[in-house]
Amino acid sequence: MKRERNTNQKEMIKAEVQLHQGHLTGDQIYALVKEKMPGIGRATVFRNLKDLTEKGEIGYIPTVDGAGFFDYRKHNHYHFKCTKCNRLFDTNVPYNDSLDKVDSRFKIQNHVTLFYGICPECEKMKNN
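Taking this note's numbering, the leading residue of the sequence shown gets 1247, the next gets one more, and so forth.
Simulated from the structure, these hints should not be mistaken for laboratory data. Watch out, some of these pointers could steer you wrong.
Said to hold, decoys possible - Restricting the straight-line Cα-Cα distance to at most 25 angstroms, the calculated cross-link-like pairs of lysine-lysine (DSS-like) are: (1) LYS1296 / LYS1260; (2) LYS1301 / LYS1280; (3) LYS1260 / LYS1280; (4) LYS1282 / LYS1260; (5) LYS1372 / LYS1320; (6) LYS1296 / LYS1370; (7) LYS1320 / LYS1260; (8) LYS1256 / LYS1320; (9) LYS1280 / LYS1256; (10) LYS1296 / LYS1256; (11) LYS1347 / LYS1280; (12) LYS1370 / LYS1353; (13) LYS1330 / LYS1372; (14) LYS1372 / LYS1347; (15) LYS1256 / LYS1301; (16) LYS1296 / LYS1282; (17) LYS1296 / LYS1320; (18) LYS1301 / LYS1347; (19) LYS1301 / LYS1353; (20) LYS1330 / LYS1301; (21) LYS1282 / LYS1256; (22) LYS1301 / LYS1320.
To be verified - Have a look at the derived ranges for each label pair, beta carbon to beta carbon: (23) ILE1354 / GLU1257: 26 to 36 angstroms; (24) LYS1372 / GLY1302: 33 to 43 angstroms; (25) GLU1257 / ASP1336: 20 to 30 angstroms; (26) ASN1332 / GLU1281: 16 to 26 angstroms; (27) ALA1313 / LYS1370: 18 to 28 angstroms; (28) GLY1312 / ASN1356: 12 to 22 angstroms; (29) GLU1303 / MET1371: 32 to 42 angstroms; (30) GLY1302 / ASN1338: 16 to 26 angstroms; (31) ASN1338 / THR1253: 30 to 40 angstroms.
Computed from a predicted structure; not experimentally measured. Glycine is no exception: its CB is placed at the ideal position from the N, C-alpha and C atoms.
All chains, please: the whole structure from these sequences, using the hints.
Rendered as structure tokens:
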């Protein structure tokens, strides 16, 4: 049985995700943590992000381009990814938990819906 460790590194990583209250990629989190813990390795950050996600302590939003985002909000909600600036945003679209029951053959735990388009900030810059 694997012994669970609650390391300072893991706590620092979790704190950075919660502190920024947004959606950060693993590389962005690594850069933030490395500023405070210069000796930390990229593999350590990603291993701890995976562990925190699996334990439900932080959320993870996969994207089609492979650069998923980590989220401090753990409840089910939908996201929007801007195709211009590549930022991820929470939406006001209510989570539809009835979709978790669409196929009785499977025990669906949740679903991920990600909207793609242009955010208001990028749209405004395009029109100026």
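Hint check:
no., hint, verdict
1, LYS1296 / LYS1260, "11 angstroms, holds"
2, LYS1301 / LYS1280, "23 angstroms, holds"
3, LYS1260 / LYS1280, "13 angstroms, holds"
4, LYS1282 / LYS1260, "13 angstroms, holds"
5, LYS1372 / LYS1320, "33 angstroms, violated"
6, LYS1296 / LYS1370, "36 angstroms, violated"
7, LYS1320 / LYS1260, "12 angstroms, holds"
8, LYS1256 / LYS1320, "17 angstroms, holds"
9, LYS1280 / LYS1256, "13 angstroms, holds"
10, LYS1296 / LYS1256, "11 angstroms, holds"
11, LYS1347 / LYS1280, "42 angstroms, violated"
12, LYS1370 / LYS1353, "43 angstroms, violated"
13, LYS1330 / LYS1372, "10 angstroms, holds"
14, LYS1372 / LYS1347, "41 angstroms, violated"
15, LYS1256 / LYS1301, "12 angstroms, holds"
16, LYS1296 / LYS1282, "20 angstroms, holds"
17, LYS1296 / LYS1320, "14 angstroms, holds"
18, LYS1301 / LYS1347, "23 angstroms, holds"
19, LYS1301 / LYS1353, "19 angstroms, holds"
20, LYS1330 / LYS1301, "32 angstroms, violated"
21, LYS1282 / LYS1256, "13 angstroms, holds"
22, LYS1301 / LYS1320, "11 angstroms, holds"
23, ILE1354 / GLU1257: 26 to 36 angstroms, "32 angstroms, holds"
24, LYS1372 / GLY1302: 33 to 43 angstroms, "38 angstroms, holds"
25, GLU1257 / ASP1336: 20 to 30 angstroms, "25 angstroms, holds"
26, ASN1332 / GLU1281: 16 to 26 angstroms, "22 angstroms, holds"
27, ALA1313 / LYS1370: 18 to 28 angstroms, "24 angstroms, holds"
28, GLY1312 / ASN1356: 12 to 22 angstroms, "20 angstroms, holds"
29, GLU1303 / MET1371: 32 to 42 angstroms, "36 angstroms, holds"
30, GLY1302 / ASN1338: 16 to 26 angstroms, "24 angstroms, holds"
31, ASN1338 / THR1253: 30 to 40 angstroms, "37 angstroms, holds"
Hints 5, 6, 11, 12, 14 and 20 from the list above are not met by this structure, while the remaining hints are.
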